[in-house]
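Just so you know, the sequences run in chain order F and V.
Just so we're aligned: the first sequence equals residues 1 to 254 in my numbering.
Just so we're aligned: the second sequence equals residues 255 to 735 in my numbering.
Worth flagging that the hints you see were computed from the coordinates, not collected in a lab.
We treat Cβ as the ideally placed atom computed from N, Cα and C, and that holds for glycine.
Just so you know, not all the hints are guaranteed correct.
Lysine-lysine pairs mimicking DSS-like chemistry, simulated, CA-CA at most 30 Å apart [as the list claims (entries may be wrong)]: (1) V:724 - F:151; (2) F:151 - V:420; (3) F:114 - V:298; (4) F:226 - F:190; (5) F:136 - V:285; (6) F:25 - F:127; (7) V:298 - F:122; (8) V:299 - F:136.
Calculated from the model, a selection of chain F residues having no Cβ within reach of chain V, i.e. all distances over 10 Å [stated by the list, open to error]: (9) 71; (10) 96; (11) 101; (12) 105; (13) 113; (14) 122; (15) 141; (16) 178; (17) 183.
If you anchor each label on the Cβ, the simulated ranges turn out as follows [to be verified]: (18) F:56 - V:532: 44 to 50 Å; (19) V:531 - F:165: 36 to 42 Å; (20) F:140 - V:672: 54 to 60 Å; (21) F:54 - V:352: 41 to 47 Å.
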Amino acid sequence: MLSIKNLHAAVAGNEILKGIDLEVKAGQVHAIMGPNGSGKSTLAAVLAGREEFEVTRGTVSFAGKDLLGLAPEERAREGLFLAFQYPVEIPGVNSSYFLRTALNEIRQHRGLEKVSAMEFLKIIREKLQLVEMDEKFLKRSVNEGFSGGEKKRNEILQMATLEPRLAVLDETDSGLDIDALKIVANGVNKLRSKDNAFIVVTHYQRLLNYIIPDFVHVLYQGKIVKSGDKELALHLEDYGYDWIKEENSRSERW
Amino acid sequence: MTEEMETLHEFTNQEYKYGFVTDIESDTLPKGLNEDIIRAISAKKAEPDWMLQWRLTAFRNWSKMEEPTWANVKFNPIDYQDIVYYAAPKKSDGPKSLDEVDPAILEMYNKLGIPLHEQEVLAGVAVDAVLDSVSVATTFKEKLSDLGIIFCSFSEAVREHPELVKKYLGSVVPPGDNFFAALNSAVFSDGSFVYVPKGVRCPMELSTYFRINAQFTGQFERTLIIAEEGSYVSYLEGCTAPMRDENQLHAAVVELVAHDNATIKYSTVQNWYPGDKEGKGGIYNFVTKRGLCKGVGAKISWTQVETGSAITWKYPGCVLQGDHSVGEFYSVALTNNYQQADTGTKMIHIGKNTSSTIVSKGISAGFGQNSYRGQVKILKNATNARNFSQCDSLLIGDKCGAHTFPYIEVKNSTGQVEHEATTSKIGEDQIFYLNQRGISTEDAVSMIVNGFCKEVLAELPMEFAVEAQKLLGVSLEGSVG
């Protein structure tokens, strides 16, 4: 589904990603871990098409298409979803209207009929239950005045509604208490299927107790320096990132 | 649009067809302005002598006045002797078919969802307006007149209801009020007249939404609305579609009079030609609008969405004379490319316990310059007067400007005046967030801007609100990315 080859990316001339290789197949969940500043969020942003990041080398193909050649909205319509680390507030824009507009853009791209306001209400009610959110939320402006936990749940709600092929969760666990974390993880688990895939970007192992990954990759200084299964995450939990840093500085010395 | 509205539009169109077009033979007066020209205009409209004298007085006032220079706008001097002040409509002037119309304009019509036939009319294609629903329109006219409501063209009012026109004309905006009001008073072409009798609630939105024939009255429009005790009327002015117009200078005057416990709601959508991307051409829209809350508990509410014109100079205000009277001003002004807007309101509190609310949303994109200019005045006897003002500016890009000029004058110590102002920039973060959900940048900007204007759009009648939302999006096209 997603194939990243030798991806290099820079912001304002500073190279942050220094050759990423990653294969993600349908049905898989990949966790990307790493210390602060290792390039995790940059990878998420580059996949989504954020403009300030310049891809200097490498290729990314997504569902058979050259992902890097697509505008951000085209990537979204192709089924790439980014759950933001810091969801943005859009004052005055009704949540329900926003999400229906997004859904209809994506449906239209897939050759499906647009949904009416009534049909949308039926869909969204079901999805709201998934993330344990109240219907009153639909009347509020997008993320405006939401608590941190509400914003993250809202991201999962949007993901559930838009049904992406590939969802990238960028530190969705940061700032969540354990109850909210469970709700978010639960939402993700219910959406997992053989047809979609997830990339879970996280600093902590905690989330991976609830979303069990098939693969865990450690990103350090812009490269994936270690890959393994969920045991790798547990190891990181116990020993921190220092051994990764040491291993790499050794390799540099050699 | 409801069926009622549709019919009403046709009714209004028809009003103009019979009230104006058929009255005047097709011809044009020479350029320039002097007493002879004014006499000629008045004669062509077969006006009574008092009307002519009123125009002449206004002209003499105007001759002694100077064009105002205090507004935060820049334009080349206007040669008032180089303008044709009276031109009867000539249908043959226009393009022969839509094929001859600028494709950019057609594209905009399509985006606004305007039906083909209306597109022809708006673009000035020489078609005969088909009005086969005369009988339906007549029914509407009957319905209004059964209630004693008068809704007609200004010219017709001068002829049919001279006592009302004489009594109220110039009572809110005196002919010498300002340079442009004086000019309008001297040369006004036509406009609308509304009279709602005591205790009557006008059952429909009255509209000058005359998409058809509107181009003939645009230049020096004059509107007068009178609401008697306990009555209610909602009036819609303008059109979301850009209309073909050869006249660069527009100087309209609108006067509203609300008696005891009467309510007048006046909504405008203004989308005159803004000029091209380099700032060439475009309408100068210099308008004087004022409402008088004459009686106790009277209420006047202005709502405007200003997206068009190269220059907008407009301050719809309320004179709160009656005790407990209420004034409201809700405004969206958008300037893109090289457009300039200096707009706001005046709230003059004279009576006791009067209150006013001002909500102004300015949006600047491109090289646009947007100024809010508002005056809140609480006079000596206006005990317990209250005002709340909120002025928000949204900037798109870094070459535009937003300015706020509030003037507050309080002469009664019991007065309460609140003023809030914010300026924000449309965020790339916001656009990217919407992009990431599959929404294009154009639609994203439109969504963010509509969210920003929400409180004002909510004041518009439903049909208008939907069109105004689309209009904001279309007007900002190309302003980002």
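Hint check, failures only | 2, 3, 5, 7, 8, 9, 11, 12, 15, 18 and 20
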